[in-house]
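Protein chains: 4
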Amino acid sequence: MTLEVGVLGYRFMGKAHANALSRLSMFFPDAPEVERSVLVGRDEDALSDAADQLGFESIATDWEAVVDDVDVFYNLGPNHVHAEPSIAALEAGTPVFCEKPLAPTLAEAERMADAAAEAGVPNGTAFNYRFVPAIQHAKGLLEAGELGEIHHVRGRYLQDWLVDPEAPWSWRNDAEMAGSGALGDLGAHTVDLLRFLVGDDDLAGEMERVSGHLQTFVDERPVDGSDEMRSVTVDDAYSAQVEFEHGAMGTLEASRFATGHKNDHTIEIHGSKGSLRFSLERLNELEVMRADENRGYETVLVTDEDDPYVDHWWPPGHVLGWEHTFVHENYEFLSAVASGDTFEPSFADGLAAQRVLAAIEASDEKREWVSIS
Amino acid sequence: MTLEVGVLGYRFMGKAHANALSRLSMFFPDAPEVERSVLVGRDEDALSDAADQLGFESIATDWEAVVDDVDVFYNLGPNHVHAEPSIAALEAGTPVFCEKPLAPTLAEAERMADAAAEAGVPNGTAFNYRFVPAIQHAKGLLEAGELGEIHHVRGRYLQDWLVDPEAPWSWRNDAEMAGSGALGDLGAHTVDLLRFLVGDDDLAGEMERVSGHLQTFVDERPVDGSDEMRSVTVDDAYSAQVEFEHGAMGTLEASRFATGHKNDHTIEIHGSKGSLRFSLERLNELEVMRADENRGYETVLVTDEDDPYVDHWWPPGHVLGWEHTFVHENYEFLSAVASGDTFEPSFADGLAAQRVLAAIEASDEKREWVSIS
Amino acid sequence: MTLEVGVLGYRFMGKAHANALSRLSMFFPDAPEVERSVLVGRDEDALSDAADQLGFESIATDWEAVVDDVDVFYNLGPNHVHAEPSIAALEAGTPVFCEKPLAPTLAEAERMADAAAEAGVPNGTAFNYRFVPAIQHAKGLLEAGELGEIHHVRGRYLQDWLVDPEAPWSWRNDAEMAGSGALGDLGAHTVDLLRFLVGDDDLAGEMERVSGHLQTFVDERPVDGSDEMRSVTVDDAYSAQVEFEHGAMGTLEASRFATGHKNDHTIEIHGSKGSLRFSLERLNELEVMRADENRGYETVLVTDEDDPYVDHWWPPGHVLGWEHTFVHENYEFLSAVASGDTFEPSFADGLAAQRVLAAIEASDEKREWVSIS
Amino acid sequence: MTLEVGVLGYRFMGKAHANALSRLSMFFPDAPEVERSVLVGRDEDALSDAADQLGFESIATDWEAVVDDVDVFYNLGPNHVHAEPSIAALEAGTPVFCEKPLAPTLAEAERMADAAAEAGVPNGTAFNYRFVPAIQHAKGLLEAGELGEIHHVRGRYLQDWLVDPEAPWSWRNDAEMAGSGALGDLGAHTVDLLRFLVGDDDLAGEMERVSGHLQTFVDERPVDGSDEMRSVTVDDAYSAQVEFEHGAMGTLEASRFATGHKNDHTIEIHGSKGSLRFSLERLNELEVMRADENRGYETVLVTDEDDPYVDHWWPPGHVLGWEHTFVHENYEFLSAVASGDTFEPSFADGLAAQRVLAAIEASDEKREWVSIS
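Protein chains in written order, with numbering that gives the first Met the number 0: chain A, 0 to 372; chain B, 0 to 372; chain C, 0 to 372; chain D, 0 to 372.
Heads up, some of the hints might be wrong.
When chains are identical, the list treats them as one kind, so a pair holds in a single copy or across two.
[Said to hold, decoys possible] Dumping the calculated EDC-like pairs for lysine to aspartate or glutamate here, alpha-carbon to alpha-carbon at most 16 Å:
1. 138 - 343
2. 272 - 165
3. 272 - 173
4. 365 - 109
5. 272 - 163
6. 272 - 148
It is worth saying that the hints were derived from the structure and are not from the lab.
Isolated chain A (complex conformation) (with noise of 0.2 Å):
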């Protein structure tokens, strides 16, 4: 059988999404078979140059005809048009995998995790970095409790492409399209991972309170190409203090005006046998200190061959890239789909990184803590 996957979104994700498609055959022969069968846009010429380089058989400008006809429907376009395809094609029956955030808004992620819990077909959100093999190995310390009880996790995710006034509006300065800027685009990553990786109830639990700050630095920016300025109506960084279930504190923060940091998404996790740390720019490494046998942190290549996915690639110190983990993640959720098993991280998985979001963002309008749910 061979899977024929729908693709709506042909820019960065689109590609990424495509690559990986394209590399399970060489390197995951166990991985479903997959056609980039279509490919869904809505200017025709961009879209038909797209698939020609991203490998797809045709393309679609209307994607309620192709979310009935293909086999897997993945939603990779700007948050504003993530529910009404998703939840179109859960109705129809096809798995889908969706971009992170789920939605622009808590209520639209409601409504696509009901419509995917509905349907009863494997379902996924994109938190691609659950699949870095360092993140992997870090989850496997902290499930053998390895850092025994958890007191502290910090996340931050620090970019710096809107530190100049004058780098142009784009949907993501948007309120409607992108719902908020760096706490939905950075900070629904940071959220995920903590989930991921402390949220089982015999470590941290779920975060149960937070205290948001959101801040926007610039109030409007150019149009690209026009005289024309537009309103940045979402934040260009957010922190926040998180109280998790079993007691652990937390510190998230996300930025886009971090100058010197492109993409560094950082995790650190201190609990009472020990301490992690990780850096996604520097993504095959993990830190880890274990009081038991370290005296400091130790940086671990997560390069071995018994390493997550590494014997699916190269000698160990022979590095990744950050685009494996679309393939690791692609790989997941084609053979959970084969299969018809459940896939994590799922729309529900996406609904909870929304409401703790959202919280954030409800605490910055009142000015005080908020509980989660």
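Since chain A is already given, all that's left is putting chains B, C and D on it; use the hints.
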């Protein structure tokens, strides 16, 4: 003229300052001459031994007699004995140098700052980290506008000496004696350092509002050498979000439960033109990123001849240690005493830090943002 | 026109190049079209499986037929089968791309380079590390004179897969098949990379004299799955001192016994105006120190849009992996084939590296410095 | 009993040792009492000022009278005045502590070591880096066999104070006065540190053979404050390959032309069971990799209470500086003087290092490997 110095306290801080005083003549020949005149404490035997080792001429168990007699009074006792002797000294017209935090309560800190203002003699709060050459170098870059407009500030002070629940109870775990825990002991340093670095009106300005969170992970601890358990009535860790006067946002954190971190005080600043990073465990280094000249952080070893204080010591690359910050601090304070100049950080600076700490505590209780002053 | 590529070798390097070929169309749309035409080997079953997985049209066990037939021949077999098929292909006018080191002996390498010169078709030695973006960035800085006159060069390639004396014998331990051990396998990369970076006449120039030292720590090893022990007839590690044409001095080193290092290829260069450092395990980064602008090394993440090759991939901060070097290398080689341009590193470059390796071996035997002819 | 110490030399090393002597009573109360008795030099005015600042009781311009009179003689003058006064002191039965390298020539070093053996009084060569806590910790790990059999050793000492061709000529550039350049000044430290760490017979054993290379990049330099140019008759940099008694191989290097490096003395060791790394510019840290417990290097902050010498100073995480190595060294030497024990590194150790340096020079001249007698 030789300044006769009276010192209350002969433990950790007593030794750190006695050492600093003893080294001035060799390395800072333009410092005023000082005599370690009298060491003040309660236990005569211990005091006498300490005076021998630390090079004091005499001992006294009655600070009241001392504060009048000496040319300078150093108050290095536990937090709850900061106020009374310091105020008495100031009322006697004796310059006072007091360890941080200025007092266990905001009320006492205010009384102390009032007394200092009244007395009109040099007074100082011992925020020694201002006197790290790398921090002075950072201050220079910031003052020169090299980082541009300040957007983000981060301060984190991590230790792990209480992560073992069997670690014994001490006065530092007691609200009466210490005021607060990690907040006052460690957070006071962070708040002062950030005020020093970005608090100028043409940078971030003062901290205006905070949202705080305090946590005690272990509620009671054994009294050393007995079966008795005593309550921990202070925080083991705190976090805070901060809004600065001119729009910068910050996160603060300290913990005594950060497994693997011994004395890790980290400062990070992002401005529109550059970024800085500093860690106390590598105190000879400053990481600098200036967008005009750098693409990433540059590790500056702040040991060149024209770096702050360095010409007093050794050639480039011959690194200094933690204790040197006390020598610089004592040099500056005693020079101010000799010349009658004001010294910073003063009691007023100690009070300003205290106001922030008090606001963090108040915010933690109210579960909402609190304005400072 | 589609280039039909014949590939000898289907293990590690076969997979690395097959992967590279498969990715050109999506990421380098201006590359010539290629067909993975025929995969050459000895064991038909294994070959057939490999061809399926690696996407080859057909298989062949007889390279002699293939080298004539295809548009391009890739020789990715063990070192002792580099010469004959490569020379046959060149004699047939077929462009050849050969893995490094060019041959197990200097004599064979000379024959191969002669054949390449004779044939006048594009030929390449697969020194893939020239195609790391950070290395290309370093080359740009060096060519622009940013480091000034070169004084010191250091190259070190550390692995640890033989430190266990029970690690099984393989062809890489055999002088007949491999030529040398760490020297040829790892040292060849180092020598080529240094020639690439500083070998220009206005930089350090060529390596002129070497003093070498080879060492075998474990003399025999078990044959996998048997009781038999077989002799190790190559070096486990080598070191060398180098004199460059214009006075720079260098040290080289490689080992398969460097416990804790998996694939740690490090280059360090000091010039009169600056210094550079690179490590393959952090291949997205280049450490740069330019005395005019820096006081210490600056960590440059070489992932910006205008960095070499990066615009073909992902946005800034989205790091690449080891395998991407093969894509860049294949892109350049195949573009040269399509246009008829020469490609570097050529067989002549492969030979030049070989001369250095041979001189290191000769020096080790004579216990004296040896000139590189 | 108070030891009266006479010190020849009042510049950099004079200050470093005077400081060390002044700090013993506060931090090493079990050290013998010492009096900075007499400071010896040629220029009475400068000497008198120095004695005041460094805390000496008296001055003398005639070392011959002094060496007899004092309880201990410190020879901290330039290399060419090491032999005569040291030998005279030893002949007078006075313990001698001499700066490194022991002498400008091997012949003089031999005479000094002979005199020390003859005298039978404590004698020391001032290789202060043995007394870095992190180095002592490394020594402990090595002695306990934690690294297994030693395969690789690397030592590198990088400075850049001569990279500017206009940097003025000094005695350190003169063969008569200094013996050699980077080799003797910096290489002596490296050789001693490696002998200390791995020279034991159950580790690598002594260095047996070397291949050396010396280079002078700038042949003449201006005399400060004049138009005169004077010849540089020593090396600006050296490299060497080393064979150890039990088969380990090593590379050594030092330079005064390593742009961007101020005082970067690095040691790296790979054994069959683990590896170590140390850098003087981060002297509180030791990087440790033990294959049984680690997958990568662990950064150990060697500031715990039970780390060597640390309990004399400050709590964990309160880092020490370069000068503390002198305090430890003086403590050990003077304790040996007081008890009559032998001290290491002795003159014999100074001579052993010198033999290696001489062999490196001889090898550089002969262009072949040279055995260390």
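Classify it for me, residue 272 with residue 148: is the Cα-Cα distance of at most 16 Å met within a copy, between copies, both or neither?
-> Within. Shortest intra-copy distance 7 Å satisfies the 16 Å Cα cut-off; inter-copy 32 Å does not.
State whether the alpha carbon distance between residue 272 and residue 163 is at most 16 Å within one copy, between copies, both, or neither.
-> Answer is between; shortest inter-copy Cα gap is 9 Å, intra-copy 43 Å.
Using 16 Å as the alpha carbon limit, work out where residue 272 and residue 173 are close: within a copy, between copies, both or neither.
-> Neither: 44 Å inside a copy, 25 Å across copies.
First find the shortest C-alpha distance between residue 272 and residue 165 inside one copy, then the shortest across copies, and answer within, between, both or neither for a cut-off of 16 Å.
-> between (47 Å within a copy, 14 Å between copies)
Same-copy or cross-copy closeness of residue 138 to residue 343 [CA-CA at most 16 Å] | within (14 Å within a copy, 44 Å between copies)
With identical chains treated as interchangeable, where does the CA-CA distance between residue 365 and residue 109 reach 16 Å or less: within a copy, between copies, both, or neither?
-> neither (23 Å within a copy, 31 Å between copies)
Going down the numbered hints, you'll see the structure goes against 3, 4, while the others check out.
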